[in-house]
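**Student:** Let the sequences and hints guide you as you build the complete structure.
4 protein chains.
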Amino acid sequence: MAALTNVTRNAAVLIKVIGKHRSFSCSTVHHGSGKRVGFIGLGNMGGPMALNLLNKGNSVTVFDVYPEAMSKLQDAGASVGHNPAEVAEKSDTIITMLPNSGHVQEAYAGENGVFQTAKPGSLLIDSSTIDPSVSKEMAALAEKKGMIFIDAPVSGGVMAAKAGTLTFMVGGPEEQFPNARAILEHVGKNIVYCGPVGSGQAAKICNNMLLAINMVGTAEAMNLGVRLGLDPKLLSSIINTSSGRSWSSEIYNPVPGVLPNVPASNNYEGGFGTALMTKDLGLAQNSATRSNSAIPLGSLAHQLYRLMTVRGYAKKDFSSVYQFLQKSENSN
Amino acid sequence: MAALTNVTRNAAVLIKVIGKHRSFSCSTVHHGSGKRVGFIGLGNMGGPMALNLLNKGNSVTVFDVYPEAMSKLQDAGASVGHNPAEVAEKSDTIITMLPNSGHVQEAYAGENGVFQTAKPGSLLIDSSTIDPSVSKEMAALAEKKGMIFIDAPVSGGVMAAKAGTLTFMVGGPEEQFPNARAILEHVGKNIVYCGPVGSGQAAKICNNMLLAINMVGTAEAMNLGVRLGLDPKLLSSIINTSSGRSWSSEIYNPVPGVLPNVPASNNYEGGFGTALMTKDLGLAQNSATRSNSAIPLGSLAHQLYRLMTVRGYAKKDFSSVYQFLQKSENSN
Amino acid sequence: MAALTNVTRNAAVLIKVIGKHRSFSCSTVHHGSGKRVGFIGLGNMGGPMALNLLNKGNSVTVFDVYPEAMSKLQDAGASVGHNPAEVAEKSDTIITMLPNSGHVQEAYAGENGVFQTAKPGSLLIDSSTIDPSVSKEMAALAEKKGMIFIDAPVSGGVMAAKAGTLTFMVGGPEEQFPNARAILEHVGKNIVYCGPVGSGQAAKICNNMLLAINMVGTAEAMNLGVRLGLDPKLLSSIINTSSGRSWSSEIYNPVPGVLPNVPASNNYEGGFGTALMTKDLGLAQNSATRSNSAIPLGSLAHQLYRLMTVRGYAKKDFSSVYQFLQKSENSN
Amino acid sequence: MAALTNVTRNAAVLIKVIGKHRSFSCSTVHHGSGKRVGFIGLGNMGGPMALNLLNKGNSVTVFDVYPEAMSKLQDAGASVGHNPAEVAEKSDTIITMLPNSGHVQEAYAGENGVFQTAKPGSLLIDSSTIDPSVSKEMAALAEKKGMIFIDAPVSGGVMAAKAGTLTFMVGGPEEQFPNARAILEHVGKNIVYCGPVGSGQAAKICNNMLLAINMVGTAEAMNLGVRLGLDPKLLSSIINTSSGRSWSSEIYNPVPGVLPNVPASNNYEGGFGTALMTKDLGLAQNSATRSNSAIPLGSLAHQLYRLMTVRGYAKKDFSSVYQFLQKSENSN
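Residue numbers (my numbering), protein chains in the order written: chain U, 1 to 332; chain R, 1001 to 1332; chain V, 2001 to 2332; chain E, 3001 to 3332.
Don't read these hints as lab results, they were simulated from the structure.
From the three backbone atoms N, C-alpha and C, an ideal C-beta is built for every residue, glycine too.
One or more hints might be untrue.
To be verified - The following label-pair restraints were derived from C-beta to C-beta distances:
hint	chain 1	residue 1	chain 2	residue 2	range
1	R	Asp1231	E	Glu3175	49 to 57 Å
2	U	Pro260	R	Lys1315	39 to 47 Å
3	E	Pro3178	U	Glu68	49 to 57 Å
4	V	Pro2067	R	Gly1102	34 to 42 Å
5	R	Ala1140	V	Asp2075	38 to 46 Å
6	R	Glu1143	V	Asn2044	32 to 40 Å
7	R	Glu1111	V	Gly2146	54 to 62 Å
8	U	Asp231	V	Asn2100	23 to 31 Å
To be verified - Straight-line alpha carbon distances no greater than 20 Å define the calculated PhoX-like cross-link-like pairs of lysine-lysine that follow:
hint	chain 1	residue 1	chain 2	residue 2
9	U	Lys162	U	Lys56
10	E	Lys3327	R	Lys1315
11	V	Lys2119	U	Lys279
12	V	Lys2327	U	Lys315
13	V	Lys2144	V	Lys2072
14	V	Lys2119	V	Lys2144
15	V	Lys2119	V	Lys2090
16	U	Lys327	V	Lys2279
17	E	Lys3072	E	Lys3162
18	R	Lys1279	E	Lys3327
Claimed, not checked - A few chain U residues facing chain R, derived, Cβ under 7 Å:
hint	residue
19	Leu54
20	Ala202
21	Cys206
22	Asn207
23	Met209
24	Leu210
25	Leu211
26	Ile213
27	Asn223
28	Leu228
29	Ile238
30	Ile239
31	Trp247
32	Leu297
33	Gly298
**Tutor:** What follows is the structure, given as structure tokens:
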């Protein structure tokens, strides 16, 4: 889901998950689980998450391929491992936050991976957004070694990672959910149980594919209306009080000037990049192909975002699809 | 917008238009405008509207190609004309509610059309959903005869037509808006001024195109999630508290059983038919082509609904796209 | 069809129409029809066509909104009219070659249009590429005045217009076909009878929509293959000897360097412009919507070409979609 | 490429590959390679291929999960293995012809797979159509054991398999190509070298994606033309002599009655099934996503074929997309 770096006030809307479906809202300060937590992957999301774990009193061992990412955590009190295996050796619970399926396979099943040294009974929580089939593959390997692998991708973006208000969509054995929640509530606000391993990924992928479709649709409708002579704020207010409304039109409108404090009003800087959305749409496409599911609009949104990445929009917020549809300066 | 025949409780959500942008909420009983109102087109929408005009104390003359549609109104106190020209002869203000552009052209500019007999200064309000370019064409012809033509398509469906709570999106000369509103508030709750003639059509077309996109997208995401093993109610609740939410997922969910009282939970009966949505998407496509606007997802939604109309879904509610995507009984 | 200005050798492939289906190949020199021919619209296509009519010994009266276009023909021996009506006054047969539907409506049914002065029995041949419904509209108006209106759009481009080797796709009353052919064989090589009025436009629109689809498809397949490591010439030869082959892959390959003498090997200069293809796809879309025909790939090709026109490709040959799909310099 | 079971006369067109690009045409009778050949996967394609190897005098050991498939070959003189490992034990060269990537992984790298027992130096030729990334994965595993893995998917269908006239698109180390060719010319007519391992799959995937696009496009254009009133044979002849022509329109026209001896004229029986085309489009989609290639029409064709598989067309020839677009009996 959208990494709303500069849209703080909207974050609540993005991530509020009603407290049914076994979710859990944590509002009090936590004082350490007593457990030793390993954290692998200290990027924009993982770094703040590991810091929150430390700040909540946990004993944390970290690893990242970039040494500078580790030294920051070290300064804050974390121990350091030289590879995933070393982290696993010193931990009971391990959280991974990595860019893609390949990194996750390497971190767990690679030569110096977690599976080499983690103790039977270890809880392995992968918060990366990856292919659900890789989550299942890792879970099967973990099970052979008596470990528990859980997928728990997040929603809420960098701001929520820093604030410790992430939403986690959790897939794994239901009896392990309380243990996972006990740790994840140190870094998140809403922990939702989604079903067997891979279900967390599935839920995230479905939501983000729909987000992309709604956003492209909103951009098309707003662009069409403006070209037909409508004032964008007026059209936006009509849509938002009618059946065309969505999160994309109400909270994250792609037309510059319609809403303050959204990427569209800031030259599409910040927010959730087109390249990242393209990656998530690729995962949705893979899952749809594998499960024989027809996703005509999802596929086309995927292709449009892919075109945008090769036309200069890779690092712009994904709402820049509005700009992509418009007449450009160099057109004839 | 969706004709929510059996979704009464949701109608308010569909049609509430915040009272800025020169809209007007009528909450008190009205007692006749003193003006003579003509009403042409007494179908599922036009019939109840004409009845409301009568009940509010107006003098109403009606016409429809089906005599039985007229006799119902006659019993309720309406006068009858034998063609649009006869209606126009006896009226100061004329409202039309017709199926498509061709009917509107015929009713106004045809052999026995309104333009033949209407007095200079007459206010002609077309509430049909048609091509904005036809609205402009009619307005130009009206202007030559000293009449005022206004487009005012509606949102809210049959229930709102009966309840007199329709939303009108009005396009025409701004100085004529108060006059149009004075009549339309007898049949509607929210009257929104959108700009010059054709703007009402433009606003409606943009909203409905977006509605179609969001609905197909919701159907795809829900279908994908279910095939990946997620419970549809759980997935729906995750989407509705996250960035994928829209009117289509929250108020009109296309998956049977997720919401009560929606067409999806009633075998896709009632609601807003696939054939009508296809017609609106055709209007959006025409407007987009004429204005050189790219609408990739809108075009694809158009084509998918068109495919549905030839595969047996023409009369089903447009949320039946969920069923269209699923494995059917006769598939291999 | 493609205006292959610099692909002379391929022109034959593009326009050869086997001599059945009532087509007619003219190979001998013609010496005037004795009829007075009017020609309206002297652009890139119309200019050379009018010149050929003159050179074949006809008495020709011309009109164009640009005086300089007329003086060129005047120098070659043509008479000049100040508007379509003046041309019609002096002619028995009139040929129009105009940019779009609106121009055609104006030239025939406008204030100083052909219908004002043409004699009953006049043969009106429109070679513009326009909406078949406008052809039918003009034919109906002509019929009321006892004139015969025929649609006869062309294939072959500027080179064929100059060489007098155009293909004409003719729609109109079958008994009038010999008369139309007698004139058109002065400017074309293959004259194909397609059916009632509008059929010529229908045939052209269907072919060009398919051309666009095949071209975008070829560009996608070639681009995918190259990114997967295949040599483009090798892939091209495999496709061209297999089931993926088409005119677009064999004769007009969109990958620079695969074929000599095609726009792709000349920086996509010349050829058939993206803006013109977009116009034809708009006509196909209109006809499909009006006839309730599903054209999912045609619609998407339309939208992609529309996107290209706003991203700087309007004047490039339509095979530049290959470049549009590729990684651009300013992408990340 | 299309499995043209009942389209014998067209097979030549489908598979002729000009003899450059290191391809090789075998026209003389071959008398055994002296090598021991293993063959795994004896389905509609593999069965006849194995039989041809036997008939050309090779010593052949076979395996299939269905015993009856093996007994047929046993009767013809083949030895039998109880699993891939047993086949590999008795062979110098092994050919596999399996339904999908998973089967290939199992046959080579599974518990009783080829890699368990094949001798260093063995030539492993996989003729299945699978994901090129799996071909590369298998090649890497083979290399570790000193074996050579080559991908060589086929074109031409069941008829060509029986006739020994298949086309092979070969990917692997160039120096191994002569060895592969020496065996493959016993079962095929054209052996094309495409590049490093995976290149054969890439070429096949690109061609088949383009075939699907051209076919859907042809169906759309023909359907549109017919609905606009054109005779399908006439439209077909215009397209086939113009720029819209392709293998799909000329050799395999999807409209019933336009061509004899194609599936369209035989109730879409035989030919290349929609489910198989959907599988190949899924492979194209996976390769495109992995290589960041935009394939908008390819993706949409994929989704349309996927929709067809759930609407009753799974076993019909892929040209039945024409019927899918048309008005059906139960539509309103």
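**Student:** Compare the structure with each hint and give your call.
**Tutor:** Here is how each hint holds up against the structure:
Range check, R/Asp1231 to E/Glu3175: Cβ separation about 56 Å, and the 49 to 57 Å hint holds. Our hint of 39 to 47 Å for U/Pro260 and R/Lys1315 holds, since their Cβ atoms are close to 45 Å apart. Distance hint for E/Pro3178 and U/Glu68: a CB-CB separation of about 53 Å, consistent with the stated range 49 to 57 Å. Range check, V/Pro2067 to R/Gly1102: Cβ separation about 40 Å, and the 34 to 42 Å hint holds.
Between R/Ala1140 and V/Asp2075 the beta carbons are some 41 Å apart, a value that agrees with the proposed interval 38 to 46 Å. Between R/Glu1143 and V/Asn2044 the Cβ separation comes to about 38 Å, which falls inside the hinted range of 32 to 40 Å. Roughly 22 Å separates the CB atoms of R/Glu1111 and V/Gly2146, a value that falls outside the hinted 54 to 62 Å. For the pair U/Asp231 and V/Asn2100, the beta carbons lie near 29 Å from each other, so the given range of 23 to 31 Å is met.
With a CA separation close to 13 Å, the supplied pair U/Lys162 and U/Lys56 stays within the 20 Å bound. With a C-alpha separation of about 14 Å, the suggested pairing of E/Lys3327 with R/Lys1315 holds against the 20 Å cut-off. A threshold of 20 Å between alpha carbons decides the hint, and for V/Lys2119 with U/Lys279 the separation of about 67 Å lies outside it, so the pair is violated. Note on V/Lys2327 and U/Lys315: the hinted pairing holds, with a Cα-Cα distance of about 14 Å set against a maximum of 20 Å.
A hinted pair counts as satisfied when its Cα atoms are at most 20 Å apart, and V/Lys2144 with V/Lys2072 does not qualify at roughly 35 Å. Only pairs whose Cα atoms come within 20 Å are accepted, and V/Lys2119 paired with V/Lys2144 is accepted, the gap being roughly 12 Å. For the suggested pair V/Lys2119 and V/Lys2090, the alpha carbons sit about 10 Å apart, so the restraint of at most 20 Å is met. Note on U/Lys327 and V/Lys2279: the hinted pairing holds, with a Cα-Cα distance of about 16 Å set against a maximum of 20 Å.
As the CA atoms of E/Lys3072 and E/Lys3162 are separated by approximately 15 Å, the hinted pair is consistent with the 20 Å bound. As the CA atoms of R/Lys1279 and E/Lys3327 are separated by approximately 16 Å, the hinted pair is consistent with the 20 Å bound. The interface hint given for U/Leu54 is broken, as the beta carbon of that residue sits about 28 Å from the closest beta carbon of chain R, more than 7 Å. Given hint, U/Ala202 at the interface with chain R, holds; its Cβ is 4 Å from that chain's nearest Cβ, closer than 7 Å.
At about 4 Å, the closest approach between the beta carbon of U/Cys206 and any beta carbon in chain R falls short of 7 Å, and the interface hint on this residue holds. At about 4 Å, the closest approach between the beta carbon of U/Asn207 and any beta carbon in chain R falls short of 7 Å, and the interface hint on this residue holds. The beta carbon of U/Met209 is positioned within 7 Å of a beta carbon in chain R (closest approach about 6 Å), and the interface hint is therefore held. With its C-beta approaching chain R no nearer than about 4 Å, U/Leu210 sits inside the 7 Å limit, and its interface hint holds.
About 5 Å separates the beta-carbon of U/Leu211 from the nearest beta-carbon of chain R, less than 7 Å, and the hint is met. Of the supplied interface hints, the one on U/Ile213 holds, with its beta-carbon coming within about 3 Å of a beta-carbon of chain R, less than 7 Å. At about 6 Å, the closest approach between the beta carbon of U/Asn223 and any beta carbon in chain R falls short of 7 Å, and the interface hint on this residue holds. Annotation: interface hint on U/Leu228 holds; nearest CB of chain R at approximately 4 Å, less than 7 Å.
Because the smallest distance between the Cβ of U/Ile238 and any Cβ of chain R comes to about 5 Å, under 7 Å, the interface hint for this residue holds. Because the smallest distance between the Cβ of U/Ile239 and any Cβ of chain R comes to about 5 Å, under 7 Å, the interface hint for this residue holds. Checking U/Trp247 against chain R: minimum C-beta separation of about 5 Å stays under 7 Å; hint holds. The beta carbon of U/Leu297 is positioned within 7 Å of a beta carbon in chain R (closest approach about 5 Å), and the interface hint is therefore held.
Residue-level restraint check for U/Gly298 holds (minimum Cβ-Cβ distance to chain R is 5 Å; threshold 7 Å).
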